[in-house]
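Using the sequences provided together with the hints, build the complete structure.
As you go down the protein sequences, you meet chains A and B in turn.
If you read the first sequence in my numbering, its first letter stands for residue 3, the second for the next number, and so on.
If you read the second sequence in my numbering, its first letter stands for residue 3, the second for the next number, and so on.
Rather than coming from a laboratory, the hints here were simulated on the basis of the structure.
Any given hint could turn out to be false.
[As the list claims (entries may be wrong)] Cβ-to-Cβ under 8 angstroms is the rule here; a few derived chain B residues that face chain A:
1) 150
2) 152
3) 175
4) 180
5) 183
6) 187
7) 198
8) 200
Ideal Cβ positions, reconstructed from N, Cα and C, are used throughout, including at glycine.
Listed here are the chains, written in short residue letters.
2 protein chains.
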Amino acid sequence: MSPRTAAADVQGKVVAVVDVLRASTTIAVALANGARTVVPFESPDEAITRSRQLERGEVLLAGERRNAAIPGFDLGNSPLEFTTEVVSGRNIFMTTSNGTRALLGLQGAREVVIASYVNLAAVTAMLRAAARADAQILIVCAGEEGHFSLEDAACAGRYVRTITNQKASITIDDGAYACELIDREYGDNIAKIFEDSSHGKALAQAGFGDDLVACAAVDSHPVVPIYQDKQITRLGPDRER
Amino acid sequence: MSPRTAAADVQGKVVAVVDVLRASTTIAVALANGARTVVPFESPDEAITRSRQLERGEVLLAGERRNAAIPGFDLGNSPLEFTTEVVSGRNIFMTTSNGTRALLGLQGAREVVIASYVNLAAVTAMLRAAARADAQILIVCAGEEGHFSLEDAACAGRYVRTITNQKASITIDDGAYACELIDREYGDNIAKIFEDSSHGKALAQAGFGDDLVACAAVDSHPVVPIYQDKQITRLGPDRER
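Put into structure tokens, the structure is as follows:
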């Protein structure tokens, strides 16, 4: 098991993508609150162009650039905006600086799941099942504009710890081990991770303090978001293992 | 200040390259023991071709691939081989899997220094002077075949800690902060870092246990190796700050 900050060789692997602040969290919240799909796009223009080919009302445009809303979009990237009233039954076209871009680089993976703190137990159960089936698990930390981000590494470490907890024979690489060290250092104080991280500081300064609380709410939205055929849907009962 | 596992934008920055096991350590030991220059090469073939253009005896060929000696080379990549008797007054053409390759990717840096535990205080003094002069410092972890390696991150963290120790106003990024967490976790038990790291384990299994001891010997070889004009030389008294 190994975490990466860049899209490494994903061929045949089960890949968990982590962008805790905020794309991974927001995607889990949207699906938990009844969104039909979340479709990642590289650029705002691409999302707008595709949305125009569909009927009005079918799609919500969501995302951010440099933490700020995108002109003409329905939603930003705050998990608090993705309420049941707003997203239930809708398709969400989403573009963010880091998280959705990380997803688009994962061609050839056996399975891609979106991981965060809000769906830790649900995604861990899915990854643990994959590990039992001897799948190689790769945790991709979206990071910030290609750079290492503390909160993604810490969250990856939490996954490493919870997955390996019950199967001692799983081998982990140095990166996974280091992430686990970071996770252990903070324990359950996820708010402190965000306080110490540059992206967390930037969000707090930009007035998104409530988002940080939402992103730290472990297991508040127990869904398994699967990225397949260019869209993210909730893993249904028929696909539960 | 920020550590990277890949060559990021180095333009105008003071860059410290860390490949603790073993290239950085071996380069420091070679220069401390009187080698005139260490010249990094991408491939064994390239090193051999260049050495044939020079007089016999002027050059020693050194390096490794997958921790093993290269056929026809004078030396491997073990710091213990680079004794005064062997290297004094000689030029060393060196090619290793990770460390020398990391160096060759650093075009446009303001200054490039080779960092390890054996020259911690010497290189820290140089980097601290650069920080006082408001230079941006980038620590590049060579890693293992492009992957994160625990010992390089831990060593980078030790540099972060020693450099920032006396200048509280230095800002560090998330990567530097995470490396510092790893360093603090281990404290002075560098042997334990190598025990926990995949590369350290591989070297121990390959019979290089004594190398691990040499690589953990903090400040045993107090030189500042500077990479400039395609070769590494010892920072002389005229360039000391």
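Hints versus structure:
1. For residue 150(B), the interface hint holds, the least distance from its beta-carbon to any beta-carbon of chain A being 4 angstroms, beneath 8 angstroms.
2. Taking 8 angstroms as the C-beta cut-off, the interface hint given for residue 152(B) holds, the closest approach to chain A being about 4 angstroms.
3. The interface hint given for residue 175(B) holds, since its Cβ lies 6 angstroms from the closest Cβ of chain A, which is under the 8 angstroms cut-off.
4. For residue 180(B), the interface hint holds, since its Cβ comes within 8 angstroms of a Cβ in chain A; the closest pair sits about 6 angstroms apart.
5. Interface hint at residue 183(B): satisfied, since its Cβ lies 5 angstroms from the closest Cβ of chain A, which is below the 8 angstroms cut-off.
6. Interface restraint check for residue 187(B): the shortest CB-CB distance to chain A comes to about 5 angstroms, inside 8 angstroms, so the restraint holds.
7. At a threshold of 8 angstroms, the smallest CB-CB gap from residue 198(B) to chain A is about 7 angstroms, leaving the interface hint in force.
8. Annotation: interface hint on residue 200(B) holds; nearest CB of chain A at approximately 5 angstroms, less than 8 angstroms.
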